[in-house]
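Trainee: All chains, full assembly: derive it from the sequences and hints.
Chains as they are written, first to last, in this note's numbering: chain A, 1 to 323; chain B, 1 to 323.
No lab work stands behind these hints: they were computed from the structure. On a predicted model such as this, the values are computed, not experimentally measured, just so you know. Each hint should be verified, as a subset may be incorrect.
Heads up, the list lumps identical chains together, so a pair's fine if it works in one copy or across two of them.
[Stated by the list, open to error] As a list, the in silico DSS-like pairs of lysine-lysine whose alpha-carbon atoms are at most 30 Å apart:
{"no.": "1", "residue 1": "Lys111", "residue 2": "Lys101"}
{"no.": "2", "residue 1": "Lys247", "residue 2": "Lys161"}
{"no.": "3", "residue 1": "Lys247", "residue 2": "Lys29"}
{"no.": "4", "residue 1": "Lys202", "residue 2": "Lys147"}
{"no.": "5", "residue 1": "Lys83", "residue 2": "Lys19"}
{"no.": "6", "residue 1": "Lys161", "residue 2": "Lys15"}
{"no.": "7", "residue 1": "Lys147", "residue 2": "Lys247"}
{"no.": "8", "residue 1": "Lys111", "residue 2": "Lys19"}
{"no.": "9", "residue 1": "Lys19", "residue 2": "Lys29"}
{"no.": "10", "residue 1": "Lys19", "residue 2": "Lys167"}
{"no.": "11", "residue 1": "Lys111", "residue 2": "Lys29"}
Spelled out, the chains give:
Protein chains: 2
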Amino acid sequence: MSVDSGASSMSRLLKLAHKFNCFYLSGLKSGECRPFIVEGFQVGLIRPDVMKQLLKYPEVFRVTSGYVELNPAFRDYEERTAKVDYVLRELRSDKAFIALKGWRDECYDVKAEFHTESLLRMDRSATCLFGIRNYGVDINGYVRHPKLGLCIWLQQRSSTKQTWPDKWDNMVGGGLSVGHSILETAHKEAMEEASIPAELLKNLISAGCVSFYFESERGLFPNTEFVFDLELPLEFVPQNADGEVQKFELLTAAQCIERILTPDFKTTSAPVTLDFLIRHGFVSAENEPYYNMIMELLHVPLQTIYSNQRSIKENGQVASYNI
Amino acid sequence: MSVDSGASSMSRLLKLAHKFNCFYLSGLKSGECRPFIVEGFQVGLIRPDVMKQLLKYPEVFRVTSGYVELNPAFRDYEERTAKVDYVLRELRSDKAFIALKGWRDECYDVKAEFHTESLLRMDRSATCLFGIRNYGVDINGYVRHPKLGLCIWLQQRSSTKQTWPDKWDNMVGGGLSVGHSILETAHKEAMEEASIPAELLKNLISAGCVSFYFESERGLFPNTEFVFDLELPLEFVPQNADGEVQKFELLTAAQCIERILTPDFKTTSAPVTLDFLIRHGFVSAENEPYYNMIMELLHVPLQTIYSNQRSIKENGQVASYNI
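Mentor: Rendered as structure tokens:
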């Protein structure tokens, strides 16, 4: 008897769950990354290539053997934001990182936990350099087809998008930018990306969230996606309004499973689609031997990874790190 | 600014998620328990009180400072089962453990992972002494009420049940016993516990699974529940057929949230109900500040807790433990 652990004996869906959790399953354990501390709280993880660049800015980043800390002398949210922004703009003009090529002029909050106060804001293109937790919103649009059963609307991303151009993606999705709530972002993206009228958005149902930890050449992605389901009328066809989508396609559940398994699907959107297919019974313990493993890999303990390493701040000094 | 971490500042639902994960969040970290190894695979965790009793049976259990191992000389599934059963029956007549008072004459499989071969079977009352992973099936029965919206059927457990008597519970639930598949167990329990006819069971939808790690005076419960949703006609009323349920009650979603928060609800069934309330939008990021934390606590990484500690078996000897 043997326990399957080699990639060859995995199911295709388990391999996919490993792919979008490549950092959780291997990078994290390599021990190469150091916690990024702001105001005594761990808010990120920093890879060696990024650490090397940050060493050039000792007045902003304190790099020790155990962690990287934002200068605790910075007084407040605005000062922290400005100092980091200055460094990032310089690194961008130095072409130090691929990630910064995609500068967005749109900021993400940097927080210890989702429900806690923001410590600073940072251009969204840069958060992956610091392993800052990212939060997004996704809408699974579907119809109940009289002949084909439950069918799912997917979008193909525009070829001009800075990240994942031309890849297939969920019907609607977007990152949670500074100052926007989850529901507000869902509504805004639904209108901009798919022209879904307010009347239909009344049927939007909150359906949980997925968490995973991906890594690419750009950086680290500890992502949590807040997931919504939206049943649409058979006759409704999504229409893009902001130029970020090249087309929409309605797929059967079986076709959708095949699509997320292709390299043409955006890796970091696959968890949302897979979670939808599981919640609606299309992927189940009957057809997927690694079902419960996959469920765990759709909800990896990001809070534990970061909060276990939370520091204790005493008298303005970082006193200890429990890593 | 501060990160909420004390119990006083938690939401009631986060406190509940901590309650059904009391072992995951504290016991596990105390380091008091030792891995239980069978055929080179970690299949459980053993508390000091259990270890003390097992020391009396050195021909069956090898207790070392790092782990407890079932004698690797036992040849096969039947021999391992018989040797452990002999010890358990003796411990039962010695009244060594509360858990064994509830002897069931019904066995659970002991495996390294859900999809792998069973290494032995063990009376279900005893698995919590060894921290063996438990698998169960739960059905959320609900109706779409024209005035009250989505309503949920709950059962009150019989006062004669060996575990959690009189407590409120999901409409249908049961453990996965040796030789029964998930779907088979769901159908069997639905008929026995709630007299749901085969015709209605055609609407059963697989909807994921929840994993949590609970501890009680009886022992350790690393549980995975395979979850099904079943929409029922308004006029259908569940009727118990096996004497294990004293009554059924139909609750609105708001009442259901309140019910799972009372001490009258079976703690280890609450994750299933909470997951249902989240998937159907009744608990969302709009009304629950710790929403994403709760989602992670409904899917704790049991596979990692156990498989990280898997041993490498070489030449019949346990070669190393990566704990």
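Trainee: For each hint, tell me whether it holds in the structure or not.
Mentor: For each hint, the structure was consulted:
1. In this assembly of identical chains, the alpha carbons of Lys111 and Lys101 lie at most 30 Å apart only when taken from the same copy (24 Å versus 49 Å across copies).
2. In the homo-oligomer, the alpha carbons of Lys247 and Lys161 lie at most 30 Å apart inside one protomer (13 Å), although the nearest pairing across protomers, at 57 Å, exceeds that limit.
3. Taking the closest pair of Cα atoms, Lys247 and Lys29 never come within 30 Å of each other, the shortest separation being 39 Å inside a single copy and 50 Å across copies.
4. Proximity of Lys202 and Lys147 under a CA criterion of 30 Å is satisfied in both settings, with 26 Å inside one chain copy and 18 Å between copies.
5. Neither within a single protomer nor between protomers do Lys83 and Lys19 lie at most 30 Å apart by alpha-carbon distance, with minima of 35 Å and 42 Å respectively.
6. Taking identical chains as interchangeable, the C-alpha atoms of Lys161 and Lys15 lie at most 30 Å apart only when both belong to the same chain, with a minimum of 27 Å there against 42 Å between chains.
7. Taking CA atoms no more than 30 Å apart as the test, Lys147 paired with Lys247 passes inside one copy only; the shortest distance there is 23 Å, against 40 Å between copies.
8. Taking identical chains as interchangeable, the C-alpha atoms of Lys111 and Lys19 lie at most 30 Å apart whether they share a chain (26 Å) or sit on different chains (26 Å).
9. In this homomeric assembly, Lys19 and Lys29 come within 30 Å of each other (Cα to Cα) both inside a single copy, at 16 Å, and across copies, at 29 Å.
10. In this assembly of identical chains, the alpha carbons of Lys19 and Lys167 lie at most 30 Å apart only when taken from the same copy (16 Å versus 42 Å across copies).
11. With identical chains, the CA atoms of Lys111 and Lys29 are at most 30 Å apart both within one copy (23 Å) and between copies (26 Å).
Of the numbered hints given earlier, the model fails hints 3 and 5; all others are met.
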